[in-house]
Amino acid sequence: MEKKINHPLQKYFRGPINYTTCPGCGNGIISQAILWAIEDLAMDFDKFAFVSGIGCSGWIPSPSYNTDVLHVTHGRSIAFATGLKLATPNIKVIVTAGDGDTSAIGGNHFIHACRRNIDLTMICVNNQIYGMTGGQVAPSTPYHSKTTTTPYGSIERPFDLSQVAISAGATMVARWTTFQARQLRKSIAKAILHNGFSFIEIISQCPVQYGKVIGKRNNAVDMLMDYKNRSINVRKAKKLSPDEVKDKIVVGEFIEDKQVPELTQEVKRLRKEAVSRCQK
Amino acid sequence: MINNSKTNKTDFLQGNIACAEGAIMAGCKFFAGYPITPASEIAHHLSKRMFEVDGTFIQTEDEIAAIANIVGASWGGVKSMTATSGPGISLMQENIGLAVATETPCVIVNVQRGAPSTGSPSVHLQGDILQSKFGSQGDYQIIALAPASPQEMFDFTIKAFNLAEQFRTPVFVLSDSLVGHMRERVNFPLQEELILSERKKLEHYQGIHQKIFLDEEVAPMPVFGKGLKANITGSTHKEDGFRNVSDPKIMDNAIKKLTNKILKHKEEIIEINEHEIDDAEVAILSYGLTSRAVLETVKIARKNGIKVGSFRPITVWPFPEEEVEKLSRRVKTIIVCENNLGQLFPFVKSAACEHCKVISLPPKVLGTLYYPEEILEKIKEVI
Ligand SMILES: Cc1ncc(C[n+]2csc(CCOP(=O)(O)OP(=O)(O)O)c2C)c(N)n1
Ligand code: SF4
Ligand SMILES: [Mg+2]
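Residue numbers (numbering that gives the first Met the number 0), protein chains in the order written: chain A, 0 to 279; chain B, 0 to 382.
Everything labelled a hint here was simulated from the structure, so no lab data went into it.
Be careful, since some hints might not be right.
Stated by the list, open to error - For lysine to aspartate or glutamate, the following DMTMM-like pairs were computed, each having C-alpha atoms within a straight-line distance of at most 25 angstroms:
no., chain 1, residue 1, chain 2, residue 2
1, A, Lys-271, B, Asp-53
2, A, Lys-245, A, Glu-155
3, B, Lys-28, A, Glu-155
Fair warning: this is a prediction, and the values are worked out from it, not measured in the lab.
Next up, chain A with everything else stripped away, as it sits in the complex (with noise of 0.2 angstroms):
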């Protein structure tokens, strides 16, 4: 009789698993970091809800996961996410974005969920590119470099994500690679716990588009080896010149703040307020 394995995170899926993704992509390992890190929580996933935008990243929860599951427009997943998490604030909700989705189209959305520190998890799938619609440049594309629709290398400097949420006001934030998938479970798992807006970017590899920008076309391995030869640390970065980390990829959990004010417990101490100013 043939013997019949199922994935330890097969109960998380709706249906059998079926991803479209092309071999080799980045978004399979975050998948299985974000589902790692709800089972090691041990939370029940019916008290999740994820949202999701336009591009290959939003595939992750869409429609796999088994909960709630809201896919949206192009850059909007942010703005639903804060509505649904305003309306029903005891379910945790995870929002998975890629990096033009966060920073090109939903940048505005990005910093303002920042600034109000609303309890989201933001998951950035920073492939540095446009994956979905053919591999032309994002935000968050290297600077010179040759994409689809900068034949001539890109003139424009690149966002670094976290920084540009640390500043925005995020309250927690982290970034690694996909080759990190360790640390990167762990962060997750600290993000849905954190009480606040948490916002964890992870540098993914998109060996198709682009895999070709960087002469390592298809090759996924490649690719995470790189990761792991650029990635340093954090703390370690710290004691190093701006020169000496020049072509690293800075990696590690970078801030976590836990006495901002979050938004929709701001939210309930104002229906209080309003409640006895109008009874006086």
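Following the hints, position chain B with the ligands against chain A.
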């Protein structure tokens, strides 16, 4: 918690405030918006009142976020609303399409200003009649109600919530700067007189292929956070929510079911106010504030023995095609009075189907009120 709203009383209220109070009376618990003249008073008022009724108010970073927030909140199970003017609607359009496609009940108030671009923020124009219906991508149907007074701002906001809940769809309140800003008497209904609709909710999880979309009789909504494992996407999908963008039959089904959900219930949705139409030779079709000048005109005309009546769609969308067709068989001429260059006019003309003459009559100066004399002049010309 304190009393939901002031009940059984009469107040002298601005249209926008009446709209905000109507929302509270309808059970709205979530407002998101971005400041814009002439709609801002709705936000001002609700920034205080929402918290008093255990609700939430958020001033978003832009209107794109405002519509996204109210859709998110609606999936969280609460009645939600936003209010803006034409430029804000332009920004919302993509997500209005998502609200239609995901069958999300919500109310969008458009206190119209008019003219392209920034236009003239405080001039009364009915500039967004077409963009309410056709502004978002693809084929879809929308419901839009046009109030003409603060009382109607109150009543129609409640009605808009009821329709949104009944048909699981976004509903417009199409006001304008004058109706939003004028002050008149508003009667609040008694709580027990109030009829409120609530969305049909999915009670229990029924497996991954549970039917939560695309029912012409309106599918139950799987509100989030209740273990119903909702599968929601703005892409074309099947009844269970699973996306399919390769099979044209599934796409066809999605578009037609969504459209039919509204069109098959036109009789329930459409409301028309007719006045002195029975023996009329000339009917004046108007909506919103314009209809008040028309009623005045009818009064004067009747005094002079001219057989004129008023035909006022309360529901601008879905367009009352059959009703206009019937009207066109009864009268010799329909004069369409709207404070724009004739946005609804082509629809009236096509519904009238050559049964009678159809004339478009914008006010002499766009953005000003009609004088009954200018309408009368036209009537005299055509009879
Ligand atoms: C309003 C709008 N503009 C453009 C698009 C087309 N579009 C889809 S995904 C995408 C970019 C995807 O890049 P990213 O957000 O980095 O996600 P990735 O696919 O790389 O995960 C674009 C431009 C769209 N869906 N909607
Ligand atoms: S295009 Fe890139 S990001 Fe998208 S699925 Fe393929 S490998 Fe992954
Ligand atoms: Mg990308």
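Each hint tested on the structure:
1. Annotation: proposed proximity of Lys-271/A to Asp-53/B holds, straight-line Cα distance about 8 angstroms (limit 25 angstroms).
2. A hinted pair counts as satisfied when its Cα atoms are at most 25 angstroms apart, and Lys-245/A with Glu-155/A qualifies at roughly 17 angstroms.
3. A distance of roughly 44 angstroms separates the Cα atoms of Lys-28/B and Glu-155/A; the hinted pair therefore is violated under the 25 angstroms criterion.
Hint 3 from the earlier list is the only one contradicted by this structure; the remaining hints agree with it.
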